[in-house]
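Chains A and B supply the protein sequences, listed in that same order. Okay, so the first sequence: first residue is 1 according to my numbering, each after it adds one. Okay, so the second sequence: first residue is 1 according to my numbering, each after it adds one.
Calculated from the structure, these hints are not laboratory results. Hints may contain errors.
[Claimed, not checked] Here are the simulated lysine-lysine pairs, DSS-like style, with alpha carbons at most 27 Å apart:
no., chain 1, residue 1, chain 2, residue 2
1, B, K13, A, K55
2, A, K15, B, K46
3, A, K7, B, K36
4, A, K6, B, K10
5, A, K55, A, K89
6, A, K55, B, K8
7, A, K202, A, K187
8, A, K15, B, K8
9, A, K160, B, K10
10, A, K15, B, K9
11, B, K8, A, K160
12, A, K23, A, K7
13, A, K55, A, K7
14, A, K187, A, K160
15, B, K48, A, K202
16, B, K13, B, K40
Here is what each chain is made of, one letter per residue.
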Amino acid sequence: MWIYDKKLEYPIHIKNPNPALAKVIISQLGGPDGELGASMRYLNQRFATPYNEVKGILTDVGTEELAHLEMVGTILYQLTRNLSIEEIKESGFDTYFVDHTTGVYPQAASGTPWTAASIQSTGDPLADLFEDLAAEQKARKTYDNLLRLIDDPDVRDPIKFLREREIVHFQRFGEALRHTQDHLDSKNFYAFNPAFDKGCGK
Amino acid sequence: MAENNMSKKKLMKLVQQLDFAMIETGLYLDGHPNCKKALKYYNTLKEKRDAARAQYEAAYGPLTIFSNNSENTWHWVKTTWPWELED
């Protein structure tokens, strides 16, 4: 189960609303490499791995991604408060506003709603972990691109924190992959599914 | 009220720092469950973390649904939510 902790993982205090920034940052809420997808990917994949250490990493990283989802939602909420209709029109936020007002909705910056089609849960712990390593790099890339687009230090600060977490998670998934590979059967030369194919794991 | 005059913002920051340090260490321990150095660090944080959270909750209200400590009011819905800006 999960218990809500009534605090952010990292503080966010954005003084100046800026709907144009919200329009691009929303990709880390519900885009293809965003936090919702990250959480759903790991929390569902964890059932397939036979290794306790990997179950722990997928559970705890998947849980932290929920805290990141809340942080991105908080950034969006604070960037879109007290807007006038003029500000909404001038910033280009009008195309989002028409469907969602200033509500927080998981979509990519392109407008594509969040979809489970952007994640996998293969039932093969090795295939899953290779995806997870790529997913952390892809999310780090999105944060790098956001930092190229954002000047406001109040917004950059939590985005930098989130970017750093992608790097740490990549390290932890690297260890999860190594652990999984260390437990393959010595005759499983081509890294077949150790959770399903008989004799492929030990 | 709090045992000392630590502001709400400052105390929240301390709670966030200690929780973060424990989560980060825990994540490392997932992959290195027998690492004595990490376990030692985790254990030194635990007491500080529990104390900071207790101090925050006594002064500013519950951090989880389990820690409402009033006969009269459900403080859980009366304190600010994390995404909201105060002052």
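Results for each hint:
no., hint, in the structure
1, K13/B to K55/A, "violated (30 Å)"
2, K15/A to K46/B, "violated (34 Å)"
3, K7/A to K36/B, "violated (30 Å)"
4, K6/A to K10/B, "holds (16 Å)"
5, K55/A to K89/A, "violated (47 Å)"
6, K55/A to K8/B, "violated (36 Å)"
7, K202/A to K187/A, "holds (11 Å)"
8, K15/A to K8/B, "holds (19 Å)"
9, K160/A to K10/B, "holds (21 Å)"
10, K15/A to K9/B, "holds (16 Å)"
11, K8/B to K160/A, "holds (24 Å)"
12, K23/A to K7/A, "holds (25 Å)"
13, K55/A to K7/A, "holds (26 Å)"
14, K187/A to K160/A, "violated (44 Å)"
15, K48/B to K202/A, "violated (41 Å)"
16, K13/B to K40/B, "holds (23 Å)"
Of the numbered hints listed earlier, those contradicted by the structure are 1, 2, 3, 5, 6, 14, 15.
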